[in-house]
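Trainee: As a plain string of letters, each chain reads:
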Amino acid sequence: MSVQAPHDDARTRATGRLESALRERRAAGRKLLVPYVTGGLGADWVDIVRALAAAGADGIEVGIPFSDPVMDGPVIQEASQRALAQGATPRSVLAGIASAEVDTPIAVMTYYNLIARAGDKRMAAELARAGVAAAILPDLPLEEARPWCAEADAAGVETVMLAAPTTPDERLARLAQRGRGFLYAVGLLGVTGERSQLAESALAIARRCKQVTDLPVLVGVGVSNASQARAICEVADGVVVGSALVRRILEGAGPDGAGEFIGELRQALDS
Amino acid sequence: MSVQAPHDDARTRATGRLESALRERRAAGRKLLVPYVTGGLGADWVDIVRALAAAGADGIEVGIPFSDPVMDGPVIQEASQRALAQGATPRSVLAGIASAEVDTPIAVMTYYNLIARAGDKRMAAELARAGVAAAILPDLPLEEARPWCAEADAAGVETVMLAAPTTPDERLARLAQRGRGFLYAVGLLGVTGERSQLAESALAIARRCKQVTDLPVLVGVGVSNASQARAICEVADGVVVGSALVRRILEGAGPDGAGEFIGELRQALDS
Amino acid sequence: MVAAPSPMGAPDASGRFGSFGGRFVPESLVPACMELETAFSEAWADAAFRARLASLLASYAGRPTPITECPRLSAELGVEVVLKREDLTHTGSHKINNVLGQALLAERMGKRRLIAETGAGQHGVATATAAAYFGMECAVFMGEVDVERQALNVFRMELLGATVYPVRSGSRTLKDAVNEALRDWVASVETTHYCIGSVMGPHPYPYLVRQLQRVVGDEAREQYRERSGGRDPDVIVACVGGGSNAAGTFAGFADTAARLVGVEAAGGSAVGHGVPGIVHGMRSLFLQDEEGQVLEAESISAGLDYPGIGPEHAHLAELGRATYEAVGDDEVLAAFQVLARTEGILPALEPAHALAWVIRAARDGTLAPGTKVLLTMSGRGDKDVAQVKEMLA
Amino acid sequence: MVAAPSPMGAPDASGRFGSFGGRFVPESLVPACMELETAFSEAWADAAFRARLASLLASYAGRPTPITECPRLSAELGVEVVLKREDLTHTGSHKINNVLGQALLAERMGKRRLIAETGAGQHGVATATAAAYFGMECAVFMGEVDVERQALNVFRMELLGATVYPVRSGSRTLKDAVNEALRDWVASVETTHYCIGSVMGPHPYPYLVRQLQRVVGDEAREQYRERSGGRDPDVIVACVGGGSNAAGTFAGFADTAARLVGVEAAGGSAVGHGVPGIVHGMRSLFLQDEEGQVLEAESISAGLDYPGIGPEHAHLAELGRATYEAVGDDEVLAAFQVLARTEGILPALEPAHALAWVIRAARDGTLAPGTKVLLTMSGRGDKDVAQVKEMLA
Ligand SMILES: Cc1ncc(COP(=O)(O)O)c(C=O)c1O
Ligand SMILES: Cc1ncc(COP(=O)(O)O)c(C=O)c1O
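Residue numbers (my numbering), protein chains in the order written: chain A, 1 to 271; chain B, 1 to 271; chain C, 1 to 393; chain D, 1 to 393.
Treat the hints with caution; some may be incorrect.
In silico DMTMM-like links for lysine to aspartate or glutamate, alpha-carbon gap of 25 Å or less [unchecked claim]:
id : chain 1 : residue 1 : chain 2 : residue 2
1  : A       : K210      : D       : D382
2  : C       : K389      : D       : E190
3  : B       : K210      : B       : E200
4  : C       : K372      : C       : E158
5  : D       : K389      : C       : D46
6  : B       : K121      : C       : E158
7  : B       : K121      : C       : E222
Estimated spans, in silico, between C-beta atoms of each pair [as the list claims (entries may be wrong)]:
id : chain 1 : residue 1 : chain 2 : residue 2 : range
8  : C       : D12       : D       : R108      : 35 to 41 Å
9  : D       : A187      : A       : A85       : 47 to 53 Å
10 : A       : A128      : D       : D12       : 31 to 37 Å
11 : A       : E101      : D       : A187      : 34 to 40 Å
12 : D       : G9        : A       : R13       : 37 to 43 Å
13 : C       : R112      : B       : E101      : 51 to 57 Å
14 : C       : G365      : D       : M391      : 28 to 34 Å
15 : D       : E107      : A       : E101      : 39 to 45 Å
Don't read these hints as lab results, they were simulated from the structure. Every residue gets a Cβ at the ideal spot worked out from N, C-alpha and C, and that includes glycine.
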């Protein structure tokens, strides 16, 4: 058996910037909205980040594009490929984030190879230097996360853990324990992408997550529109919205269109 | 061992028309010339037969075209295919022979399937009825020849046996013993066709044949021109000339051209 | 039907199985055929030769080939089908059994050149393979039509060091390739062994090739008995082009009670539509016209595209010891697909004929439910995939 | 170089061989990987499972495959080459050993759907074959570029009942097919088993696949000893794409004194030019740029066209227990032709890499005259003949 004992416990936790912001807003009765955007996609992507902040995002997920994004569906694959073709690198994306100067806490979402290639310690430091609050690494599960987490913790970067519909209860608890920022509840079995129907699994996993943790629980993957977001927020603390936004950006929405879409979701969640 | 005892002996032999003619001429000091022509090849093939007779042939070999002529090279294959395409059948060729009304004895050359399909007895009778003196069947070796020979003998059709460079001496004697008309000495290892050089094997097989038999010995296969024919006739009693003639016919020589070519050979042998 | 004792023994002294067989070749070849006959009977009686052949078959060609049960196909058909897997041999068909034996024999006779006829190229590739292995010269005769259709197999033979001669005479297919190989042999007989690809041609070939192929039947019988507590199959089925895989298979079961079924292509059914004749050195059944001109066979499967059949099959048919059935191209295509889907095995189109008959016979009740069928999977379908793709398009 | 004791044991609890391996997959897949790990270790310890697998390998896939001496090649090279003949298995490569084991495991786990990635199509065909045999559903992911290049293999898989999904993302080749298979699995993990085609991916795959492939090495060792009076070969050579045929072969000889050599395509040399990284669920060596973006491999051989290598190979390289060499396309083409001409065996382009190294090493003295080499002939060349024809034209 390769399952390791949880390598962290609540006593050593320092609450980071993202988690604090989310907890605070949740406490204020607000439903949390974290849009995802691919870093380096188009010349105006930093403006889009700013527009998302202005539209009421509670946190912003910025993807650092990777050549082999296995957790992503066609839309984000396309966005990653375009961004890479346009010359995006981890460094350029971090520089963009730094230049955005938004108050909204930013989490980078990327794949672990880009971190491993630079080195855990160095990349943690670079994230911190760019003002990144947190990191979401969908191919770095609990058992493999320790070396990175040690460096990230030390650098003050929150590592968001993901929970899936297939995660057993016992493991869910350990994920929540190790998680920082929020607990990312993967809403369905599948990769990122819009779905016309809200998956039943989204509510189920949200419920299960809420039972084991006090961390903010946000559901992502497959959350495509306002009504789905509202339905989920009956149970969860908030949602991550990726493909639905990125598709609009790929279609040329620009900062205005992106801000408008997130503004609508914001309104739906607030009403 | 599948070699059978010779199934014939000299006492029961009746000398046929072809053999008599050839022996007679040989006795008169003449070298024997037997041209080959494919039956049914062109509308004027019967005229060609007549022209060959007129040009001094001592016997005429008429091929009954077969779909799968394994002893024939490209020229005679081509002739056979053309004749078949023009509708030649065993019956039509025999009718042509009958209509030729030449005194020169005629031997048909064909493959055994055409005989077997009709039946040995029936085909022997048809040959006799058409005035054919002899049959040359290159795929009917000694061991398989008995049923056919019995019918042919009975019908008065002489069966010419073939001897090859690979035939051992002991077997050569048996071939000669069973042979009628003449002994066909295959001049080389190979199928019918012109050769620029006279094969050494032609003289060798001729010599070996002469040693075992009193039958006229004619060398065929690879005898292509007058000088080759003369050289062979230093040893053999005569030659069979096939492809060299058929090529000319395929090239449009017609009865005149065919007669002319055979006339030249005649002259060369007589001089 | 009562089986005669040992219906698959040696032919008589004239090389005949009943009234079929013999040796109808040009005089030039008669001594070579006799020499081959002698050489083969000596070699076959020589334990060292047999051991060397067996070792070559094992270590080079991959023998023994397994028998494979077909649970899903059997469930679908209601009869129990077991395959003898000649498709797993080196070069992908039973042809290798024959060529290795003949190459070894050629070596023993001091002949360093092999010639062969080929249709689609299976036997040509097999012969070229044996020639490469033994370091012999190799010439393969192939109808011009087939050369064009099977460019990859031509290239394969060339890679193996063989020279491929396109045959431009007659119908420019297999039958004419045999003629041309015979013509070469007439000229080269002193240095060359003609490696005939099936149980056909002049004596001793039909017997020699059957003996070299009987390893298929002998192995299958032993394997089947081991698997079935000593029982033999009820029915033995194999496709028939010239008939070598069928003869090799039947030889292993001729003295059992098993029913023997050879399956021909409907368009090349020498037993069904042929009449006795003398072609390619043997008396057997051939498709021919009223006059005795040989007709072309027509089949989607190049390996069955032969207008004749080996003389021993003609004899078995006459005896009633084996029966011969014919299947059409559509049934064959369907059988090809059924086996792929149910068992994950792509059969060559030739053995797909055998399967097509089993499918038909199982459906129409000719084979009672539960009948135990052994089918020789004489080759793999990889060679036919492009053709099948086109036909199904 | 002293071999560590049992350098090819099981990985540690985290699925690592030294520092390589592990399980870097989305959380959704973690439980499935754990389930597979448990299922495999139980199955592997279960005599009934092992017996069923062995029987399937024997009666369906054609095991044991022989080892074949190469007298003419050996004479030409001055070193003694023996081949382990995986080219003689059903579907024509060692891939079948792995897929039959995984399909049996999937059945045991109650999963009735198989998915697989494939490059040229060998593993896809093998998986589709196993799925057909077991009556399972099958989806194969294949880069769009490969779908176009390998239309016949696509058709083969379809004949076998599989659905082939062209992958349009990234470089649209093998690497992206793996990504897409992982994406499917993320969505389908409850009903689906991902049948990975080499010793790669998240734990337990590298170990599982190596154990399923070690039959190659175990058989070869026994056969070689039997043939050589108990001696082992001096050098064991195998080509390395992901590394499954090499790992399976090496596993049989890791505890002998034999030198182990893996041969990569020069354009896909993960050991030669790769650096440690985390891709496709494992920490191993990958071709990647300064930032960590994965690069495309480039080789004439689709089966070696993978920018990474199995983690155990990275470990063996680090230990020095195995060495990894790279050969270029031209040497490979030459080796392909040499084996065809001297031994009558058309190798797949992948094992032609292994042979190309042997030829080079024999010529430059790296292999002393008389060295005894065992080379795994991982697949047959039929699939590559059209490509070679084009390249030599
Ligand atoms: C796979 C396969 N089966 C059968 C045959 C037919 O030959 P035979 O009837 O001699 O077995 C061939 C001929 O090429 C073949 O390739
Ligand atoms: C014949 C053959 N050999 C080798 C390989 C490479 O795979 P591996 O390195 O896993 O053995 C492949 C892959 O398709 C293959 O088809």
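Trainee: Each hint should be assessed against the structure and marked as holding or not.
Mentor: Hints, one by one, checked against the model:
no.: 1; hint: K210(A) <-> D382(D); verdict: 58 Å, violated
no.: 2; hint: K389(C) <-> E190(D); verdict: 35 Å, violated
no.: 3; hint: K210(B) <-> E200(B); verdict: 16 Å, holds
no.: 4; hint: K372(C) <-> E158(C); verdict: 42 Å, violated
no.: 5; hint: K389(D) <-> D46(C); verdict: 42 Å, violated
no.: 6; hint: K121(B) <-> E158(C); verdict: 49 Å, violated
no.: 7; hint: K121(B) <-> E222(C); verdict: 49 Å, violated
no.: 8; hint: D12(C) <-> R108(D): 35 to 41 Å; verdict: 59 Å, violated
no.: 9; hint: A187(D) <-> A85(A): 47 to 53 Å; verdict: 27 Å, violated
no.: 10; hint: A128(A) <-> D12(D): 31 to 37 Å; verdict: 32 Å, holds
no.: 11; hint: E101(A) <-> A187(D): 34 to 40 Å; verdict: 38 Å, holds
no.: 12; hint: G9(D) <-> R13(A): 37 to 43 Å; verdict: 38 Å, holds
no.: 13; hint: R112(C) <-> E101(B): 51 to 57 Å; verdict: 54 Å, holds
no.: 14; hint: G365(C) <-> M391(D): 28 to 34 Å; verdict: 54 Å, violated
no.: 15; hint: E107(D) <-> E101(A): 39 to 45 Å; verdict: 58 Å, violated
Hints 1, 2, 4, 5, 6, 7, 8, 9, 14, 15 from the list above are not met by this structure, while the remaining hints are.
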